[in-house]
Amino acid sequence: MDLSVINPILLIAALMSAATPILLAATGELVVERAGVLNLGVEGMMILGAICGFAIAVETGSPLTGFLAAAVGGAMLSLLFALLTQVALANQVASGLALTLFGLGLSALLGQGYVGIKPPRMPDINFGFLSDIPVVGPILFSHDPVLYFGLLLVAAVWVTLKFTRVGLILRAVGENHDAAHALGYKVVRIRTLAIMFGGACAGMGGAYISLIRVPQWTEGMTAGVGWIALALVVFASWKPWRVLLGAYLFGGITQLQLNLQGAGVAIPVEYLAMSPYIITIVVLVILSADKSAAPGSLGRTFHASH
Amino acid sequence: MKLTTLLASAAVALGLAGGAYADGHEKTKVGFVFVGPIGDGGWTYEHNKGRLAVEEALGDAVETVYVENVAEGPDSERVMTQMALDGADLIFTTSFGYMDPTINIAAKFPDVKFEHATGYKRADNVSTYSARFYEGRAIQGHIAGKMTKSNIIGYIASYPIPEVIRGINAAYIHAAKVNPDVEFKIIWAYTWFDPAKEADAARALIEQGADVVLQHTDSTAPQAAAQEAGNVVTFGQASDMGQYAPFPRVSSIIDDWAPYYIARTKAVIDGTWESTDTWDGIGPGMVGIGEISDAVPADVKEEALAMKAAIADGSYHPFTGPLKKQDGSDWLADGEVADDGTLAGMNFYVEGLTGEIPQ
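Protein sequence lines, in the order shown, are assigned to chains A and B. Sequence positions in the first sequence follow the numbering used here and run 1 to 306. Sequence positions in the second sequence follow the numbering used here and run 307 to 665.
In isolation and in its complexed conformation, chain A is listed as follows (with noise of 0.2 angstroms):
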């Protein structure tokens, strides 16, 4: 076992990167979750945002516009969603389902010429002296710019919902949609506009793994990160600043596992494959402790009529 192999700087910068892509669908679903629906799609979202990203980021040499698109596919395909639950009222578990069923499916249609191409790579920021200042610098200052976007965008929502009367709003749809309807919002468009936001977030998650993290086009390539959002999004009882922490946790433990792995650490593989799930799940549970519940009309099915 040799310690001294892991480069705690570049373990923190990768973790940062691993957790970016949970993050962004993760903080989508809680603006969803918070406006009382249950968007399951999120990994169909995700993968849809992947190749539309990828896509567009080859054909445009730009993967800025990559992302702008991923953001559009996203928001396209939960329009869907938003269709069948919101206008036809069909269930949301099962909608949610299926939008991901169809979202893997039209993916690897859409992806079928992309398999094995090189996407143009996304550059760095540049912060200039900042970038050089030891141990901070490489952890803070040399990533791209999409993972200060998750940041900003966490922190964003927070401000928003907490102290804005949009945010207001949102959770008064979100806890009772009936009294909301009663006071004169409109639910079916707030929900539906929260829904679109939810898609193109996760869009963009998704396309941060073909664009940055990986990069290239494989069908199926989110493999599950879509449900580990959604998880986190419940684990961090629907609050923006513990889907970061999660997030980070849960990246962070990823990549120090495969880390003390090739350091050969004397721990069975077996617990630290497990450890980024346990570890994350455990920490977000005892934070919980403070009772704080789901949105009250989470999953309901709104009519103005009922």
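It should be emphasised that the hints constitute simulated quantities derived from the structure, not laboratory data. Check before you lean on any hint, since a few could be wrong.
To be verified - With beta-carbon atoms standing in for the labels, derived distance ranges:
(1) Ala-155(A) - Glu-362(B): 52 to 58 angstroms
(2) Ala-616(B) - Tyr-271(A): 29 to 35 angstroms
(3) Ile-267(A) - Pro-565(B): 41 to 47 angstroms
The structure presented is a predicted model; accordingly, all values stated were derived computationally and were not measured. Just so it is clear, CB atoms sit at the ideal spot from N, CA and C, and this is done for glycine as well.
Starting from the known structure of chain A, fit chain B onto it as the hints suggest.
Relative to chain A, chain B alone:
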């Protein structure tokens, strides 16, 4: 867990909807159960190529169906059951983790023939088939040992099963033979297919000094990670992965299932199918060695090709003594060759490898 279960069953329903229109039974119906997507560029991609070859070779006499992304373990039983109920005559289950499910379902459908890849449990209507990938691993190990400058070779392993352990041992023996200082760093990914995780594992290995990365997972993600790093050598796994040639991918192990699939399907049509155990290597062509690129020095390439020829004609066996086990106990005496039984159940490292095999 509930969600993935739901998802899997929904996937099954969707995947088999097309198969439900079975017309009478004049065509021989062949089913394939895949562990990853057919576009993974590796393991499942090659199995699907074999399936397409069956369709092409036997034309109207056959009809093939497949379900991709089937989770290993009990979930796969539903997929197999549905295939059998839909009138499949022959079902190929193409991953190690389908072993017990295949045996269970085969017992319920004695008239359906099953073929399980890389396993060791057989029944009257269950054959097993696998390729001697370790022959290719030996050649990879030789090239890797010659190419590494840091003397650290990274290995992304999937699950601790004999097939994977065999590959690690074969690669290590031949790397250490040409480069006694070589060290293997092994990461168990516990997945066959997860591009992000495979890329992360490759990066962790590269950060820890590996300049050659071998993979026993199915996607091309480690190739992309190595390409990004710039000076890291990789090998295609299960498929040629030629899009990453000539560098980082310098060679590859290619699985060629087509001849076997065609032969077995024909046997079902002719009524000559019997439960068999097939384990073929480079010689019969089930294992192919992808073109060794120019990034490999000419003399190394020549040695590698010589080894390939020797393995193919049977004059050289990758597990030839003297070899010791990791704990220092004797395994093979000088000149002794490992028997297939030991290889099939291999659960130990050879001497020189560090770390423990997860149990």
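We went through each hint and held it up to the structure:
1. Ala-155(A) - Glu-362(B): 52 to 58 angstroms: About 56 angstroms separates the Cβ atoms of Ala-155(A) and Glu-362(B), which means 52 to 58 angstroms holds.
2. Ala-616(B) - Tyr-271(A): 29 to 35 angstroms: This hint is violated: roughly 42 angstroms between Cβ atoms.
3. Ile-267(A) - Pro-565(B): 41 to 47 angstroms: 44 angstroms, holds
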